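Listed in order, the protein sequences are those of chains V and W.
All residue numbers for the first sequence refer to the working numbering, where the first residue is 65 and numbers rise by one.
All residue numbers for the second sequence refer to the working numbering, where the first residue is 674 and numbers rise by one.
Worth double-checking, as some hints may not be accurate.
What the hints assert, rightly or not - Only pairs whose alpha carbons sit at most 35 Å apart, straight line, appear in this in silico DSBU-like list of lysine-lysine:
#	chain 1	residue 1	chain 2	residue 2
1	W	K895	W	K935
2	V	K174	V	K106
3	V	K174	V	K111
4	W	K948	W	K912
5	V	K111	W	K895
6	V	K174	V	K343
7	W	K948	V	K106
8	V	K67	V	K106
9	W	K912	V	K106
Stated by the list, open to error - Pair by pair, the computed Cβ-Cβ distance ranges are:
#	chain 1	residue 1	chain 2	residue 2	range
10	V	F130	W	E864	19 to 27 Å
11	W	K935	V	W98	37 to 45 Å
12	W	G899	V	W98	54 to 62 Å
13	V	R407	W	A963	31 to 39 Å
14	W	P952	V	A126	45 to 53 Å
15	V	A126	W	R861	15 to 23 Å
To be verified - To give a feel for the contact side, a few chain V residues facing chain W, derived at Cβ under 7 Å:
#	residue
16	T97
17	W98
18	D119
19	P121
20	G190
21	Q192
22	T360
23	P363
24	T364
25	V365
26	R366
27	E367
28	L368
29	P409
Worth flagging that the hints you see were computed from the coordinates, not collected in a lab.
These figures come from a predicted structure and were not determined experimentally.
Quick reminder that beta carbons are idealized off the backbone N, C-alpha and C, glycines included.
Letter by letter, the chains look like this.
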Amino acid sequence: MRKLDYAGAIREATTQEMERDPRVFVYGIGVPTWSSIFGTTKGLVEKFGPERCFDTPISEDAMTGFGLGAAIRGLRPIHVHIRVDFMILATNQLVNMVSNYIYSTGGRLKVPLVVRAVIGRGWGQGAQHSKSLFSNFTHIPGLKVIAPTTPSDVKGMLTAAIRDDNPVICFEHRWLYWAEEEVPEEAYEVPLGVGRILRPGRDVTVVGLSWMNVEARLAADILARRGVSVEIVDPRTLAPLDEGLILDSVRRTGRCIIADCDWVDSGFSAELSARIHEKCFGQLKAPVRRIGFAHTPCPTVRELENEFYPNARTIVHAVEDMLGLEAANLDGEDFFSHERRFRGPF
Amino acid sequence: MKDEATYRRLFRTALLIRLVEERIIALYPSDRIQSPVHLSIGQEAVAVGVCDGLRPDDLVFATYRSHGFYIAKGGRLDAMFAELYGRTDGISGGKAGSMHLTAPQVGLMGSSAVVASTIPHAVGAALSFKRRGSDRIAVTVFGDGATEEGVYHESLNFAALMEVPVLFLCEDNGLAVHSHRPVRQAYRLAEHAAAFGIGSRRLEEGWDMLAVREATLQAAAKVRAGAPFVLEIATSRYKEHVGVGEDFHFGYRTSASVDAFKRRDPLIVDAALAKALEPELEREIDAAVAFAEASPAPGRPELLTDII
Ligand SMILES: Cc1ncc(C[n+]2csc(CCOP(=O)(O)OP(=O)(O)O)c2C)c(N)n1
Ligand SMILES: [Mg+2]
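I would like the entire structure built from these sequences, with the hints used as guidance.
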């Protein structure tokens, strides 16, 4: 099978769905322009024309309401934000309108709207280009929320999202755009609401969100060399959550660490942790642990970013601590991946 | 009649801004400035003319493209370079970086990388002047693209209702990243402002520092008297939206599109004066860079300060 990167997988899913269904269109600030949202919308305007792939004014709120209006009339819009931080200018439309439209019309109207938003990181993205805010959206009934980690997942889940009659918010971590793997060429769906075991293991469950699955894999490799077997569970869809998959895993291992790609306080990890404690209380060998951003705005300078973001080292130490192991000497390990690769400017 | 002393003063500051940004370009490949940078090269005359037309105690709210306003307002150059380097002696100890420059002590109150988000701040700050019976004014600087956000329209409306001393200053470079203005806007800024009873002026000669200064003086006089005003200045961004290169090879605009502006740009045309001032300004920049290089990097303790 040929390999494809994450950005290419998004582009391919969008292209195939636009070919398949003339009601699908994609729009947003910069979508048809040269930079094309890191290449994820490249070539679409050439292929489908400006009626189905277009730029917008810098008016996120109105453009979201516009998408809702188009969606309830049977079009299938995909609205793209180059940062989550800019999507939140549309919070009123998303939270007050989009999320409860189906409910308040008694199911007579559908909202087949997809909103894609990029999580930024590194090279001084700072406080306004780095947010995830998963729980702001998983908190809201009526929204589906996805955060695919792998190229094959993002292709299948975005395809499923476009075909879904409900509003779906898709979180895409900027650094995942370079991830590559074998991705089927034909269109396919990865069903929403179904999680995935990224790596089976026995001793501890690590639930990873978005980019943190990359860190979790690295941590699991390091721990495997010390004889510790880590199971990595990627929920992929945060709402509706595949709770059963996570609970089953935790019941088997008896231990759980949640590695969120977000702040910890009142974050998605708090929801997960609460559910695990509520439903696996008797089977837990240790309290659930949560890992996430430091509780500060994201600093710009690299030295502080390194302190702000958790990484594989954080996960390794959390696992060791939970299992009562001595902290290993990690001096020989390389914990920097894309910090070195990503050299800006944006 | 051109006032030579004023011209030289403005020219010197404009040249300082350009040389600072050219130094940033030179330093960038070394990775010592690990931050997105939005250069104002081509737009310096706006920052310089506006700030010179304001009083030192007037307040400015700005954007991610604000090296020019920071310098023109009188911000310390060494602390700015230290901020770009992310060092503890930077204006915000490296937490802010290029996109969020502030210098409250000289009246640069904030700069935001979320488009249009500082526009209402100036309206609120203007209210503080009105309440205190002060004749200071608040200025919000934003790009042409920012006027597409609802908050621009809402802020104009409220400023008009409150009759507060705020100057809305639009730097119209015709671009929002790679999107040209006609695909984004169906309105004209002046007519739009008029709908709120707000006076406005569009200045085409955005390369002309003295004209910008004069237009600012006139606008500021009206604002000081209590009437909000919209001043739109046509300008030209020579470099790419973000980063240190040019962007003509991207195919969305040609170098010819900035040539007409460059032919009038005093920093290019008045090469003799530029050459005469350069050595002194380069020394100033050398000292600022050396200051940044000598300043220590922050660490874990600094991460956790100044949160609340
Ligand atoms: C609310 C919001 N939406 C989108 C962006 C992405 N963005 C950054 S700069 C920019 C263009 C702004 O253009 P303009 O206001 O004309 O300022 P210029 O960059 O030309 O100085 C856009 C769309 C953003 N930073 N904030
Ligand atoms: Mg602009």
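Evaluated hints:
1. W/K895 to W/K935: holds, 32 Å
2. V/K174 to V/K106: The given pair, whose Cα atoms are some 29 Å apart, holds under the 35 Å limit.
3. V/K174 to V/K111: holds, 28 Å
4. W/K948 to W/K912: Satisfied, since the Cα-Cα distance of roughly 22 Å is no more than 35 Å.
5. V/K111 to W/K895: Roughly 52 Å between the alpha carbons, so the hint for V/K111 and W/K895 is violated.
6. V/K174 to V/K343: holds, 33 Å
7. W/K948 to V/K106: Violated - the C-alpha atoms of V/K106 and W/K948 are around 44 Å apart, more than 35 Å.
8. V/K67 to V/K106: Between V/K67 and V/K106 the Cα gap is close to 18 Å, so the pair holds against 35 Å.
9. W/K912 to V/K106: The hint holds at about 23 Å.
10. V/F130 to W/E864: 19 to 27 Å: holds, 24 Å
11. W/K935 to V/W98: 37 to 45 Å: Check failed, 22 Å falls outside 37 to 45 Å.
12. W/G899 to V/W98: 54 to 62 Å: violated, 45 Å
13. V/R407 to W/A963: 31 to 39 Å: Check failed, 24 Å falls outside 31 to 39 Å.
14. W/P952 to V/A126: 45 to 53 Å: holds, 52 Å
15. V/A126 to W/R861: 15 to 23 Å: Given about 19 Å between the Cβ atoms, the range holds.
16. T97: holds, 4 Å
17. W98: holds, 4 Å
18. D119: holds, 5 Å
19. P121: holds, 4 Å
20. G190: holds, 6 Å
21. Q192: With Cβ-Cβ at 5 Å, under 7 Å, it holds.
22. T360: Since the shortest Cβ distance to chain W is 5 Å, the answer is holds.
23. P363: holds, 4 Å
24. T364: holds, 3 Å
25. V365: holds, 3 Å
26. R366: With Cβ-Cβ at 5 Å, under 7 Å, it holds.
27. E367: With a closest approach of 5 Å, the V/E367 hint holds.
28. L368: holds, 5 Å
29. P409: Hint holds; V/P409 Cβ to chain W Cβ min 4 Å, cut 7 Å.
When held up to the earlier numbered hints, the structure conflicts with 5, 7, 11, 12 and 13 and fits the remainder.
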